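*Asks:* Chain by chain, the residues:
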Amino acid sequence: MNVVFLGATKGIGRAVARKLAERGDRIALIGRDVEDLKRSAADLEALGGSVPATIPCDLLDRATIEPALASAWEALGKVDAVVVTAGLFGTQDALEADADMRDRVLTADFTNTVHVCEASAVRLIEAGGGTLCVLSSVSGDRPRKTAYLYGAAKAGLSFYLEGLDLKYRDAGLKTVLIKPGFIKTGMTEGLPVPPFATVPEAIAPAIVRAIDRGTGVAYVPGIWRFVMLAICSLPKFVMRKLNF
Amino acid sequence: MRSVATPVLPVTRNATATSAATRLSGWGRSPVVEGLERIGEDLERLTRDVSLTRGLGRSYGDSSLPAKGGGTIASTRLADRILAFDPETGVLRAEAGLSLFALNRALLDRGWFTPVSPGTQFVTLGGMVASDVHGKNHHEAGTFGRHVSRLLLRAGSGDIVETGPDVERELFDATVGGMGLTGHILEVEVRLKRVNSPWIWSESETAPDFETLAERLVDAGRSWPYTVAWADLLHPSGRGILVKGRWAEPGEAPTTKFTWPGAVAIPFDMPGWAINPLSMRMFNALYLAKHGRRTRTGIAHPQSFFYPLDAILDWNRAYGSRGFTQYQCVIPKESGVAAAAKFARLVRETGGLPCLVVVKDFGPEGPGVLSFPKPGITFAIDLPVTDVTPGLVARLNDVVAAEGGRVYLTKDAFTSREHFRAMEPRLAAFDDVRRRWDPDRKIRSAQSVRLLGDNE
Ligand SMILES: Cc1cc2nc3c(=O)[nH]c(=O)nc-3n(C[C@H](O)[C@H](O)[C@H](O)COP(=O)(O)OP(=O)(O)OC[C@H]3O[C@@H](n4cnc5c(N)ncnc54)[C@H](O)[C@@H]3O)c2cc1C
Ligand SMILES: NC(=O)c1ccc[n+]([C@@H]2O[C@H](COP(=O)([O-])OP(=O)(O)OC[C@H]3O[C@@H](n4cnc5c(N)ncnc54)[C@H](OP(=O)(O)O)[C@@H]3O)[C@@H](O)[C@H]2O)c1
Chain D
1 MNVVFLGATK GIGRAVARKL AERGDRIALI GRDVEDLKRS AADLEALGGS VPATIPCDLL
61 DRATIEPALA SAWEALGKVD AVVVTAGLFG TQDALEADAD MRDRVLTADF TNTVHVCEAS
121 AVRLIEAGGG TLCVLSSVSG DRPRKTAYLY GAAKAGLSFY LEGLDLKYRD AGLKTVLIKP
181 GFIKTGMTEG LPVPPFATVP EAIAPAIVRA IDRGTGVAYV PGIWRFVMLA ICSLPKFVMR
241 KLNF
Chain V
245 MRSVATPVLP VTRNATATSA ATRLSGWGRS PVVEGLERIG EDLERLTRDV SLTRGLGRSY
305 GDSSLPAKGG GTIASTRLAD RILAFDPETG VLRAEAGLSL FALNRALLDR GWFTPVSPGT
365 QFVTLGGMVA SDVHGKNHHE AGTFGRHVSR LLLRAGSGDI VETGPDVERE LFDATVGGMG
425 LTGHILEVEV RLKRVNSPWI WSESETAPDF ETLAERLVDA GRSWPYTVAW ADLLHPSGRG
485 ILVKGRWAEP GEAPTTKFTW PGAVAIPFDM PGWAINPLSM RMFNALYLAK HGRRTRTGIA
545 HPQSFFYPLD AILDWNRAYG SRGFTQYQCV IPKESGVAAA AKFARLVRET GGLPCLVVVK
605 DFGPEGPGVL SFPKPGITFA IDLPVTDVTP GLVARLNDVV AAEGGRVYLT KDAFTSREHF
665 RAMEPRLAAF DDVRRRWDPD RKIRSAQSVR LLGDNE
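Chains as they are written, first to last, in the numbering used here: chain D, 1 to 244; chain V, 245 to 700.
Derived from the structure by calculation, the hints contain no laboratory data.
Remember, it's a predicted structure, so these values are computed and weren't measured experimentally.
Heads up, the beta-carbon is just placed ideally off N, CA and C, and yes, glycines get one too.
Please note that the accuracy of each hint is not assured.
Unchecked claim - Reference excerpt, derived from the structure (chain V facing chain D, CB under 10 Å, subset only):
(1) 276
(2) 278
(3) 327
(4) 463
(5) 483
(6) 698
What the hints assert, rightly or not - Derived contacts from chain V toward chain D, CB cut-off under 7 Å, selection only:
(7) 322
(8) 329
(9) 332
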């Protein structure tokens with residue numbers, strides 16, 4: 001498979017890219033630090049993948065998105081999937097206190113991720129179809145006192161991705177919306193660890209399966225589907241009381 | 245209990261966050277200290293202002309723990325990328341947090357294995373260098389450090405230095421086996437070993453008493469690359485099992501596709517009762533009985549040959565809340581098998597010990613300034629921590645020091661500074677290197693405070 005990958009340098013993205021590499025996929029890496037992308041490229045190649053290009057793209061700088069996709073398309077020739085695992089996190093307290101940080105998280109996780117998706121969708125559909133896989137979050141399913149600012153960006157993203165899937169699946173664009181639960185990565189380091197927490201290696205196979213099958217929405221690990229079903233059914237007065 | 249279909253690395257579970265600080269411990273879960281651990285993918289940034297770097301915390305005692313006033317330490321767990329691999333020569337360069345677990349899964353099936361493997365895969369390359377680990381093939385291959393061609397280090401001075409046997413050699417030699425005290429290892433370059441199949445051909449036999457066991461162990465080393473013995477020191481004879489192995493030839497290997505055993509879940513919160521000391525002891529006692537008298541031969545999976553304990557992911561919890569320690573020492577070759585046998589009897593007489601003790605023979609000493617192995621017989625003994633443990637360790641250390649032996653720092657939690665100094669004439673050379681590269685003694689650990697006299 002030929003994949004354009006934004007976010008393969010760390011965390012969940014690193015684990016997913018490794019799974020793809022192990023089966024020999026060709027991966028064009030895009031991200032904000034080309035030197036670091038090259039180190040990830042070496043890792044993926046040692047595992048059996050091939051990385052024909054490492055291309056600068058900063059999720060906080062909209063102007064870099066389209067040129068990066070254009071270069072990636074050129075390097076790969078044909079693209080089967082675009083995978084976006086890049087994202088930013090901020091605690092509720094930090095995001096309330098710091099407007100600049102708020103701006104960055106909302107921009108990276110919603111606005112500019114939407115721009116990446118729009119540009120990718122156009123290209124994939126033009127070429128006859130393909131898969132667009134994006135990491136949103138269970139945090140976008142229901143506002144909670146401790147994560148509604150980050151959650152709002154993810155809610156917007158999930159909303160957008162579901163719409164994209166409704167409109168363009170018949171045109172050949174398979175939108176795969178991934179909703180991870182709590183995963184132990186650099187992003188969540190230091191946060192209190194809730195039940196069902198796991199590591200990227202444990203969910204990467206399920207994400208790759210969702211990409212291969214074109215699954216519309218996938219909770220990873222799967223248990224979070226039921227956890228969120230339960231949380232979404234709680235009445236508002238209960239949510240007001242809960243501190244999680 | 246949850247089950248996850250893919251094998252994943254169990255994370256040392258000590259993240260009971262108390263405000264900002266965390267309770268940190270080594271594999272023995274004793275001692276436990278309060279400290280700040282910083283984790284991330286970018287080691288160069290992570291190590292700018294930390295007092296120590298650790299890997300997966302599989303050292304037993306206090307070598308990977310911060311000194312009291314040591315501030316923050318770095319964990320390499322997420323810095324785990326392969327940076328280069330040459331399939332012609334087997335030379336691999338990687339970030340220091342790459343685990344043996346990941347390396348084995350990436351490369352064994354393609355014909356490459358670590359030149360030296362400890363008894364668990366849940367270790368990092370950085371940890372393997374810092375402890376200068378040995379394996380069942382020490383008599384033939386030496387320690388891990390012998391196969392390392394380059395280390396990229398951040399010295400205590402903050403400088404980033406490329407070292408190797410031919411560049412900044414002093415610093416390199418002190419870092420190999422230096423328990424993280426000479427600098428933060430950022431990258432490791434090592435020559436892997438070519439193997440003809442991923443399978444092991446193994447033979448094992450019982451020996452009626454300790455002398456016979458030790459003699460056969462040394463003897464077996466002449467023709468087998470991998471040898472190890474398990475001695476039953478609760479039994480008056482000190483009887484045991486001798487295990488020998490070599491890589492299988494393609495013709496001997498099973499024709500089925502090689503895979504690593506799957507379905508290993510990450511027990512973040514495995515209940516403490518899953519295994520307990522009683523079941524562990526019974527397991528040990530049955531081990532010998534099950535083997536029987538005859539010689540067993542056959543093909544073994546590398547997982548069961550090299551890492552029998554990895555299947556029980558959280559076995560360190562079996563020893564209860566006070567944790568345990570592993571006492572590992574070497575009785576020098578000059579003292580002869582008789583001295584080793586005498587030591588074995590002492591171990592038995594001190595009493596209250598688990599049944600099985602791992603015994604190995606060591607080949608020549610390597611260049612690592614504080615590297616543990618030297619020619620002789622090594623004993624590794626698991627001890628539950630109780631009020632008598634320090635006294636017990638001191639009694640064993642009296643004998644080891646008198647024989648000219650020494651203890652393995654990566655396992656140690658109870659040796660006194662006096663015993664350590666008596667065993668370590670090499671300490672002055674080590675201190676010289678530290679003075680030169682870390683004039684302000686920024687790097688230190690709970691262990692270096694205890695044994696090397698660093699400030700808290
Ligand atoms: C079941 C089991 C079996 C074992 N069998 C063997 C065996 O057969 N032979 C053997 O030799 N050992 C054995 N060990 C011990 C183990 O191999 C060592 O303790 C090893 O160093 C652990 O690696 P780690 O990555 O967990 O390091 P840690 O335990 O995290 O750290 C160990 C030491 O290395 C230092 N360190 C780690 N990473 C770095 C870095 N990047 N830069 C600088 N310093 C660093 C730490 O400061 C500390 O001093 C065994 C351990 C277990 C649990
Ligand atoms: N971890 C969780 O518990 C969890 C739960 C639900 C959802 N998620 C979502 O899953 C995704 C991955 O999370 P993670 O835990 O793997 O995070 P992570 O370890 O912090 O990795 C984040 C990745 O995003 C990239 N990135 C960040 N900012 C960027 C920018 N401005 N431009 C380009 N790339 C940028 C990073 O690249 P650099 O190497 O350049 O930093 C890195 O590869 C995120 O969208 C996150 O919101 C995570």
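*Asks:* All hints, please: hold or fail.
*Replies:* Structure-based check of all given hints:
| no. | hint | result |
| --- | --- | --- |
| 1 | 276 | 18 Å, violated |
| 2 | 278 | 15 Å, violated |
| 3 | 327 | 5 Å, holds |
| 4 | 463 | 40 Å, violated |
| 5 | 483 | 42 Å, violated |
| 6 | 698 | 28 Å, violated |
| 7 | 322 | 6 Å, holds |
| 8 | 329 | 4 Å, holds |
| 9 | 332 | 14 Å, violated |
This entry does not satisfy hints 1, 2, 4, 5, 6, 9, going by the numbered hints stated previously.
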